[in-house]
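Trainee: Listed in order, the protein sequences are those of chains Y and X.
Sequential numbering from 1 applies to the first sequence in this note's numbering.
Sequential numbering from 1001 applies to the second sequence in this note's numbering.
Since the hints were derived computationally from the structure, they do not count as laboratory data.
Note that the Cβ used here is the ideal one computed from N, Cα and C, for glycine as well.
Keep in mind that the hints are not guaranteed to be accurate.
Not close to chain X: a few residues of chain Y, all C-beta gaps over 10 Å, as computed [as the list claims (entries may be wrong)]:
no.: 1; residue: M1
no.: 2; residue: V84
no.: 3; residue: E223
Derived EDC-like pairs: lysine to aspartate or glutamate, alpha-carbon spacing no greater than 20 Å straight-line [as the list claims (entries may be wrong)]:
no.: 4; chain 1: X; residue 1: K1127; chain 2: X; residue 2: E1117
no.: 5; chain 1: Y; residue 1: K140; chain 2: X; residue 2: D1069
no.: 6; chain 1: X; residue 1: K1083; chain 2: Y; residue 2: E143
no.: 7; chain 1: X; residue 1: K1083; chain 2: Y; residue 2: E132
Calculated from the model, a selection of chain Y residues having no Cβ within reach of chain X, i.e. all distances over 12 Å [unchecked claim]:
no.: 8; residue: F4
no.: 9; residue: V9
no.: 10; residue: V22
no.: 11; residue: Q73
no.: 12; residue: Y79
no.: 13; residue: S98
no.: 14; residue: S121
no.: 15; residue: K140
no.: 16; residue: E143
no.: 17; residue: S188
no.: 18; residue: R196
no.: 19; residue: Y208
no.: 20; residue: F213
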Amino acid sequence: MGFFEQIIVIIQRYYPYFLDGVKNTLIIAAMSVVLGVVFGTLMAVMRMCRIKPLRWLATAYIEFIRGTPLMVQLMFIFYGLPMVGIEFPDVSFIPNFSRFMAGIVAMSMNSCAYVAEVIRSGIQAVDEGQMEAARSIGFKYGESMRLVILPQAIKNILPALGNEFVTVIKESSIVSVIGISDLMYGTSGVIALTYRSLPCLAIAACMYFILTFLSSRLIALLEKRMKHGR
Amino acid sequence: MEGNIIIQVKNLCKNFGSLHVLNDISAEFKEKQVVSIIGPSGGGKSTFLRCLNLLEMPTSGHVIFNGTDLCSKNVDINKERQKIGMVFQHFNLFNNMNVMKNLTVAPKRINGKSQEEAEEMAITFLKRMGLEDKVSSYPSQLSGGQKQRIAIVRSLMMEPDLMLFDEPTSALDPEMIGEVLDVIKQLALDGMTMLIVTHEMRFAREVSDRILFLDGGRIDEDRSADEFFDDPHSPRLISFLQKVL
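With the rest of the complex left out, here is chain Y (with noise of 0.2 Å):
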């Protein structure tokens, strides 16, 4: 049998698996980006604030979390918190939710770290002349912001916030080491049942390039159309 009938064959035989990995895949990345987003834009506040303390927090944690392996911020979430006696609880309805949750939490705490630093960059990267004019004619900092800047900035930050997305959604697969039955979790079960990695492996990259490349399309149409609106 060849290469592509293999492929055909695993795909009729074990699609469920394929496409249960791909929906868990999308659901982490979808939750991690909203929490990161969340988060890191209170974290880029912080980091910019008059605060000297808060300041630094932020910006130690940004550089931490930016400067360690993300394997290693899962299994600290999914090993170590149990340990300190933090844990995640099991719900009934939803199977494996703590396992779910170190996954989200650990994918989100890093996610922020970088959308962080996307927002902290969009915000500097509008003009300074645009805060004092604001400013001089009588806004306040808090309207000129809202007025003025961030307007601009919300320019600068989308793109970026979308690729972001797409790295999420790559970066998810490692998810699958603690037993989180993402895309990549679900074609190590194919291929264990079927010894036959390299067609299953083919499968699921292929299916990671149609969700980032979806998701980068459908990010460069709102990033259009945001122009065209001003």
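Given chain Y, put chain X in place with the hints provided.
Mentor: Coordinates of chain X only, in the frame set by chain Y:
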């Protein structure tokens, strides 16, 4: 010149780290006076101007505007700034708003003007400048001279008591300088109180009641416009004028 003192500067100092940009400057500016500030680059002209509305926080000294010491802690600086218009070298129109929005956002939000009131006022100003066809243009679609004239209107919309111009023509192409200077001259004729940092000597002489020469963070000469050019005292000013005239 008659008139009340509108803004008074007392012993103003400004340091950037170990760099002393302004050294103990004191001066008074009267209502309806047009004062130009001239001097070599790095002399502290822009910093001086930016200290007057506290875009730069003075290291020490006082800026007293209409009787209020802007440097004191319990002053609402946002409120005071509404009465001090500022025009920048790089225009700094709000890039995310069209011309009409640029002009009306502050009067509406800060002065509580109605949409119609603010728009009517904006149209009147724009017509006077011959820019009424630009109401819905965005800053990126305007020439430098147009942007600067709109920026001047944006300040005027707040009905300021004092206008600060920070090198308003330095970023313009030569053929556009005239249209901006004409607007400023017209303002002078209308009796607006203005402080203008500029490199345009002829314009300064024509429009100003009084000219300051700022060099090394000090006011080196403070004279009426004609005396300033015809009978300069300070040796630094004499050599400066020789270079630029």
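Trainee: Look at each hint and say if it fits the structure.
Mentor: Against the structure, the hints come out as follows:
With a minimum CB-CB distance of about 60 Å to chain X, M1/Y clears the 10 Å threshold, and the non-interface call stands. No beta-carbon of chain X is positioned within 10 Å of the beta-carbon of V84/Y; the least distance is around 46 Å. Once the 10 Å rule is applied to beta carbons, E223/Y is consistent with being away from chain X; the minimum gap is 16 Å. Note on K1127/X and E1117/X: the hinted pairing holds, with a Cα-Cα distance of about 16 Å set against a maximum of 20 Å.
Between K140/Y and D1069/X the alpha-carbon distance is near 19 Å, which keeps this suggested pair within the 20 Å criterion. Pair hint K1083/X plus E143/Y holds up; C-alpha atoms about 18 Å apart against a cutoff of 20 Å. For the suggested pair K1083/X and E132/Y, the alpha carbons sit about 15 Å apart, so the restraint of at most 20 Å is met. No Cβ of chain X comes within 12 Å of the Cβ of F4/Y; the nearest lies about 52 Å off, and the non-interface call holds.
Distance check on V9/Y: its Cβ is at least 56 Å (rounded) from any Cβ of chain X, clearing the 12 Å threshold; non-interface status holds. The Cβ of V22/Y sits about 38 Å from the closest Cβ of chain X, beyond the 12 Å cut-off, so the non-interface label holds. Look at Q73/Y: its CB is around 37 Å from the nearest CB on chain X, clear of 12 Å, so calling it non-interface holds up. Every CB of chain X is more than 12 Å from the CB of Y79/Y (nearest about 48 Å), matching its label as outside the interface.
Under the 12 Å C-beta cut-off, the non-interface status given to S98/Y relative to chain X holds; the minimum distance is some 45 Å. Listed as outside the interface, S121/Y is consistent with that label: its C-beta sits roughly 18 Å from the nearest C-beta of chain X, beyond the 12 Å cut-off. The non-interface label for K140/Y is inconsistent with chain X: the shortest C-beta to C-beta separation is roughly 5 Å, within 12 Å. Here E143/Y does not stay apart from chain X, with its beta-carbon only about 7 Å from theirs, under the 12 Å limit.
The Cβ of S188/Y lies farther than 12 Å from every Cβ of chain X, with a closest approach of about 49 Å, so its non-interface assignment holds. Its beta-carbon lying about 55 Å from the closest one in chain X, R196/Y satisfies the requirement of being farther than 12 Å from that chain. Its beta-carbon lying about 37 Å from the closest one in chain X, Y208/Y satisfies the requirement of being farther than 12 Å from that chain. At roughly 31 Å, the least C-beta separation between F213/Y and chain X is larger than 12 Å, which holds for a residue marked as non-interface.
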